Amino acid sequence: MTVYERDLGTPAVSAETQVSLTIDGMPITVPEGTSIMRAAALVNAAIPKLCATDSLEAFGSCRLCLVEIEGRPGTPASCTTPCQEGMTVNTQTPRLDKLRKGVMELYISDHPLDCLTCSANGDCELQDMAGAVGLRQVRYSDEGENHLSAGKDESNPYFTFDASKCIVCSRCVRACSEVQGTFALTIAGRGFGSEVSTAKDTDFLASDCVSCGACVQACPTATLQEKSVIDRGVPSRKVKTTCAYCGVGCSFTAELRGDELVRMVPDKQGGANAGHSCVKGRFAWGYANHEDRITEPMIRDSIDDEWRVVGWEEAIQFAADRLKKIQADHGIDAIGGITSSRCTNEEVYVVQKMVRAAFGTNNVDTCARVCHSPTGYGLKQTFGTSAGTQDFASVQDANAILVIGANPTDAHPVFGSRMKRRLREGAELIVIDPRAIDLVRSPHIGAQHHLQLRPGTNVAVVNAMAHVVVTEGWVAEEFVSERCDVESFRAWERFIALPENSPETLEETTGVPAAAVREAAETYAKAGNGAIYYGLGVTEHSQGSTMVMAMANLAMATGNIGRPGVGVNPLRGQNNVQGSCDMGSFPHEFAGYRHVSDDSARALFDSAWGVSLRGEPGMRIPNMLDAAVAGKFRGLYVQGEDIAQSDPNIHHVEAALKAMDCVIVQDLFLNETARFAHIFLPGTSFLEKDGTFTNAERRINRVRPVVPPLSGMSEWGVTCAISEAMGYPMPYADAAEIMDEIAALTPTFAGVSFALLDEVGSVQWPCNGEAPMGTPVMHEQRFVRGEGQFVTTPYVPTDERSTRRYPLLLTTGRILSQYNVGAQTRRTENTVWHAEDILDIHAADAEARGVADGDWIEISSRVGSTRMRARLSDEIPAGVVYTTFHHPVSGTNVITTDNSDWATNCPEYKVTAVEVRPSMGAGL
Amino acid sequence: MSGVLEQDARLVVMANQIANNVPVGGEVPQQVADHIGKFWTGAMRADLKRIAEHSSDQLRQEVVAAVALLA
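Residue numbers (the working numbering), protein chains in the order written: chain A, 5 to 928; chain B, 610 to 680.
The shape of chain A in the complex, shown without the other chains:
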């Protein structure tokens, strides 16, 4: 049985003009520019090929795909020859057979004849093509010069490079360039001496390779092969599902032998990723079967006791009894829950329903509190709903791309590659970031404008850009008058035109030269299509919400909303941040972003759930923690989040957790939070889940069970069992039934069902009667709130400032190979790239403190200190230091403070005043 996708040889072409031709007597009409190879494949006249694949532009090197065209001399390559009107093509003739056989004979003469023991046996295009052309013998001896003894490069933890099997088709090199955009590979040498090489002539691990695996996927032989395939054999069945890492939400085919996962292959039909992946999605799934997985429930009376393994029934009853006792002793609102953006929509929905209906409180929050809650607030105020405006494909139509506080190539790498492709095509790039992220300068890409601002001055910079737009007369007056609330625009226009918002006035505050701000503003405003992409470098500030609104103002003022190529786009950190917010995880909102005080919305849920819901907001996560320290909040259900590592001011978090009588952790591993838990409920990895994730472009994708849950229970099933034990049954037959309820109660999801998703692949909400197949671009005719609302956004400096005692500003972020608190990626081979958190420090700051590259340092803030190694870096300016938060040993959030966004309490991770000193080692 084959599990492989059909390959049409060259990419699809979009053109208004169609051409009709005949191939092997069969008529076909295709868009002008389509290759003969692709057209032939469409009429099932597949032409032999080796260097062609439909994920890459035609190359025309292997000489196997030759065809004859009536009226034309020679035998042109079908991959590089476009179809023309009236053409008559023959793909099978005696002359072509002879030519192809001769070409194949030459390939095979320099290729190991070990098919039976080769790891690609059954999954090798060279083997297939030898069969397709009828090659029966090789007349050339193997005594001549050849590459059969060429060595292997096994430095990469996930794949091998066996040069003896390479046919130098360049598919790997082209995949690295065209698809990934890294340009880590090249063809070294000439003629017979040609060979695939890393661009720096090192092994793969030491090269610029980012291990996205595009080269492995493109390789037609066993030259580049997953080690998991070498170890386990070629797969025999497949299941389509969705990645559980970042907010791109890539679609994958999980390929298995029996119940053993062999590899993850990105789905060409995936709406978010179109066949591409990153190192995490493709390779870093080993954590799912890691020995640290806890697969049986555990309980203990006190956090000082040892864990006791129990059955599900006992654990669930234990949890319910404790929660009920807390409510009896301390009141209904003494307990609550936290949902997870790593869980499915269905799992999240039942947790918030349990909290509201079974617990009887609105004390439910989600880990989006600490990442994109300002997006929810800011976009709802201005546009009317909490969602990015575009689909990912929209970037292909952008002429100017404004990246603010995001690092797409590391944190959203598959979208980063898509963005890089557009930049290579000529779109202009503006980066607003204290760090010189990869996009600022990488192969064939350079930012036209890098506004390297001081941490904490985002609002000042974007206000200054808007000031330039208004005072230079670049406002899109027609868009504003037709689509926006004009009164609010006039008020904003007066505010933003004030001298206090000029680039010149703000230059000293932001550290960005006024001229640079003016140039960037002009680029964005006059681009025609200007698109904003942003990340946690926007939201995780004391003015995170203000900044989101400032960007929305800028986009509306320049008319950059409501069509492909424009928009305001949050790059969500985790796979289901959008979904967890959509599902009613915030304490003030039901699913679909309807406030709990909205009588009509509450009546809808009251009726459906058979309860009387509370009409006032519950506590946010930081409110819960503060109340716990005060002794008022005593029981917490934590679904798939590690607040004792991920949340700021860890000492405060730990004090809160210690003060509680019942902490329930539902997770894959005994994480840091579990140290304070009384009940541990084993969770399910994404390979065991059945449900949906909603990515950063509002795309709802199916997550299908690849293997059964190791714990024997679905996560939503566990939640429902606790709810029932609390006295409120939630009897769902399956996850599809939960989605049906979501759809029935949430207008933007009204048309969503598992059946629809299985039929069409994915849809982007709103998906309802008005948009039965979803909505790729929002606000096309009108904003969700009707007219776009401008909001004045005064710049207010954060209270967190550098001082004589703490003279440096720390900002934090993620790197490519690790993911958030590292619970998953630290349990994979990805640690080879990043085994510990490291502090990036400018050479001048390091020298002033006697710190050399690689030294241990102690970094301290007003709330705590930790130690890690230092790396001298010119990616950050003097006065700023940077690190990641992937490792609990260094525990970066020991030093981040409880400063937070004024509107949402999203922590200000991006600005912490610190001092750095040399240290003798890791120990404190």
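Just so you know, these hints were derived from the structure itself, not from any lab.
Among the hints, erroneous ones may be present.
[To be verified] Simulated crosslink set (BS3-like; lysine-lysine; CA at most 25 Å straight-line): (1) Lys-647(B) with Lys-384(A); (2) Lys-636(A) with Lys-658(B); (3) Lys-647(B) with Lys-636(A); (4) Lys-329(A) with Lys-662(A); (5) Lys-244(A) with Lys-231(A); (6) Lys-662(A) with Lys-636(A).
[Claimed, not checked] According to the in silico footprint, chain B covers these stretches of chain A (three or more CB under 8 Å from chain B): (7) 537 to 551; (8) 618 to 625; (9) 633 to 643; (10) 791 to 797.
Here the structure is a predicted model, which means the values were calculated and not measured.
Using N, Cα and C, we set each Cβ at its ideal position, and we do this for glycine too.
Could you slot chain B onto chain A? The hints should help.
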């Protein structure tokens, strides 16, 4: 600092921060009251009222005025 005092201190910081950041142009106390009414629990609002009664010097004037507007 006790947990209750710590919680009170946080509420003071949050309320003052809201007053300092609401959009310009509107009445600040009303905007603060609206925001707190929309996002704070009843218990937090009650605590803020208590703080405003006994320790109003910790709060910005606009917050004190906003408390009077809270339901």
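The hints, checked one at a time:
no.: 1; hint: Lys-647(B) with Lys-384(A); verdict: holds (14 Å)
no.: 2; hint: Lys-636(A) with Lys-658(B); verdict: holds (18 Å)
no.: 3; hint: Lys-647(B) with Lys-636(A); verdict: holds (21 Å)
no.: 4; hint: Lys-329(A) with Lys-662(A); verdict: holds (18 Å)
no.: 5; hint: Lys-244(A) with Lys-231(A); verdict: holds (21 Å)
no.: 6; hint: Lys-662(A) with Lys-636(A); verdict: holds (13 Å)
no.: 7; hint: 537 to 551; verdict: holds (count 3)
no.: 8; hint: 618 to 625; verdict: holds (count 5)
no.: 9; hint: 633 to 643; verdict: holds (count 4)
no.: 10; hint: 791 to 797; verdict: holds (count 3)
Checked against the numbered hints given earlier, the structure satisfies every one of them.
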